[in-house]
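> In case you want the letters, here they are:
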Amino acid sequence: MKTDMTVKIGTLKLKNPVMVASGTFGAEYRKLIDVGSLGAIVTKTITLKGRAGNPPPRVAETSSGMLNSIGLENRGLDDFIRNKLPLFPSGKTALIVSIAGDKETEFIQMAEELNKIKKVAAIEINLSCPNVKHGAREGLVAQDEEASYNIVRAVRASTKLPLVAKLTPNVTDIARVAVAVEKAGADAVLAVNTFAAMAVDIDTKKPKLGNVTGGLSGPAIKPIALKMVWDIYNKVDIPVIGAGGIMNYCDAAEFMLCGASAIQVGTATFVNPNTACEIAAGIGKYCAENGVKKVSELVGNINIGAL
Amino acid sequence: MKQIYAKILKNENLGNGFRRIGIAAPYLAKNAKPGQFVELRCSGETDPLLRRPFGVHRVTKGGIELLYEIVGRGTEIIARKKPGEILDLIGPLGTGFVLPSGKPTAILVAGGNGVAPILFLSEVLAKKKVKQHVLIGGRSKSHILCEKDFKRCGARVSVTTEDGSKGHKGLVTHILKELLADNGPKPAAIYACGPTGMLKAVANIARTHRVSCQVSLEEKMACGVGVCLGCPVKVKRGHGLCGTGYEYKMVCKDGPVFDSEEIYWE
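So the protein sequences, as listed, match chains Y and X.
Once you know that position 60 of the first sequence is 60 in this note's numbering, the rest is easy, because the numbers rise by one and skip nothing.
Once you know that position 52 of the second sequence is 52 in this note's numbering, the rest is easy, because the numbers rise by one and skip nothing.
Read the hints as simulated data drawn from the structure, not as lab findings.
Cβ coordinates follow ideal geometry from the N, Cα and C atoms, glycine included.
Hints should not be assumed to be uniformly reliable.
[Claimed, not checked] Listed next, the in silico DSSO-like pairs over lysine-lysine satisfying Cα-Cα at most 30 Å (straight line):
id	chain 1	residue 1	chain 2	residue 2
1	X	Lys200	Y	Lys206
2	Y	Lys31	X	Lys30
3	Y	Lys208	X	Lys7
4	X	Lys236	Y	Lys84
5	Y	Lys92	Y	Lys31
6	Y	Lys49	X	Lys7
7	X	Lys200	X	Lys129
8	Y	Lys119	X	Lys220
9	Y	Lys31	X	Lys7
10	X	Lys236	X	Lys200
[What the hints assert, rightly or not] Computed footprint of chain X on chain Y, listed as stretches where at least three residues anywhere in the stretch have a Cβ under 8 Å from a Cβ of chain X:
id	region
11	24–30
12	191–199
13	249–257
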């Protein structure tokens, strides 16, 4: 029996629930893997104008994890549309473009431009950008329900494309932010981005990142990310996309059982470029072996017994 | 570039924490160019998590060799691997050295484990009948590697150690300065790999004497293919995004070999 692997994220239909996460995938990987076997590709976050990024070192390894502080290096929207977008295949693998900005107007302008491009299947809103209030920076947008609501609502009004809101885990109650972006019109909520973290070289006494602090990803964060997906799943009606340390199909199945309609593979691609493709095949096999007719039957199907 | 599962042929101890691993990989033997590198997965476990980059040290019949120094947990794991075991690696990655045209003289400068990619370069230059002078520098006698291998390539070899336990006492850059100060014919190119301080000094000397110079850089990496933007190096660019005379290039994709004049040395 062949399992129906398709999933729906709002109006976006994916051939399977496996996506590659923003910032961890580029056209370079076409040489190493079968990109067409992925459900979706999320491109590296772009901003309206280019950004130079943070000083090195930008990455550091920790126990079963990786710290990064890239600083959203990118050449801006125009360069992306002209030079990067054509490198991605147009086919049954959905292309989702991740955007960020310092101001609402920047998000709106990017959403309007992307709305015109046929190849773009959806927009992922990276809400882990500085929250500028009264000219001062107050944490990240995704740490503020109201600011998150306002950005998602503004983007919603400027495009018909399906919207995925990417949340930071660095909050007290992530489900409240998820509810806010749902109210604002997001088609799906993605949890989670990296955990704020740092590491120090005790010989030089220097931080291991040039930016001093950064974000932790990789298998070290998986159980925490999983619980956040579960928390969100219990509070919203829109699909949840799970991410955080997924290394193999077992991890992916865990996320789906805890409520994720789809999953994203990030850091694992660096370890093994073929990870996402292997997960797509692995989930298919898992479903077939367990008599699952549609992969979406897994979503939230955790067996917690009688409550 | 390809992802390859290759059999280990040997994993020999060169002493003092330096080792040389040989693997069967016809694809890499055929396609790797001097200065390019491979990303090697230490184990199938998640800790250590990321691949480790190693410059191709030598191309053998049907395979390649990597020279590495045990500096942490990743290299400790690699050091324990036995012949017959399978290694997961991606390569060849990055740009290589631009070889000189014709048959001029080249100066190769290697500091410490920086000899790793320089030997491959030397072997290729030897085939092209390029006259070579190799300068090897290290902290002490035990940090001087591959001297015999370079001699086998027909190179003239000068050794310097900081403690004077072998060769000239001092820094490898002292010899380079003396060489270029000679009124003899100028070398066509300088190729260097080693610690950043050494590379910066070599770049300065090259500029003073107007000799073209290529340096192979090292930076912490994640993807190794230009995707994650995790291994930046500052390069001179007036129209850069920083507006301060530099912008970033990626060591993995744009390098690891750069023209020393392009680097924004700090």
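> All the hints need checking, so say for each whether the structure fits it.
Going down the list of hints, with the structure as the test:
1. For a cut-off of 30 Å, the pair hint linking Lys200 of chain X to Lys206 of chain Y stands: about 22 Å separates their Cα positions.
2. About 17 Å separates the Cα atoms of Lys31 of chain Y and Lys30 of chain X, which keeps this hinted pair within 30 Å; it holds.
3. With a C-alpha separation of about 34 Å, the suggested pair Lys208 of chain Y and Lys7 of chain X falls outside the 30 Å cut-off, and the hint is violated.
4. Of the pairs offered as hints, the one joining Lys236 of chain X and Lys84 of chain Y holds, with about 23 Å between alpha carbons and a cut-off of 30 Å not exceeded.
5. With a C-alpha separation of about 18 Å, the suggested pairing of Lys92 of chain Y with Lys31 of chain Y holds against the 30 Å cut-off.
6. With a CA separation close to 47 Å, the supplied pair Lys49 of chain Y and Lys7 of chain X exceeds the 30 Å bound.
7. Pair hint Lys200 of chain X plus Lys129 of chain X holds up; C-alpha atoms about 28 Å apart against a cutoff of 30 Å.
8. Between Lys119 of chain Y and Lys220 of chain X, the direct Cα distance comes to roughly 34 Å. Violation of the 30 Å bound is thereby established for this hinted pair.
9. This hinted pair checks out: Lys31 of chain Y and Lys7 of chain X have alpha carbons roughly 22 Å apart, not beyond 30 Å.
10. Of the supplied pair hints, the one linking Lys236 of chain X and Lys200 of chain X holds, its CA atoms being roughly 14 Å apart against a limit of 30 Å.
11. For the region 24–30 of chain Y, the assignment as covered by chain X holds, since 5 residues bring a beta-carbon within under 8 Å of that chain's beta-carbons and 3 suffice.
12. With 0 residues carrying a beta carbon less than 8 Å from a beta carbon of chain X, the region 191–199 of chain Y misses the three-residue requirement, and the given coverage is violated.
13. A stretch counts as covered by a chain when three or more of its residues have a beta carbon under 8 Å from one of that chain; for the region 249–257 of chain Y and chain X the count is 0, and the coverage is violated.
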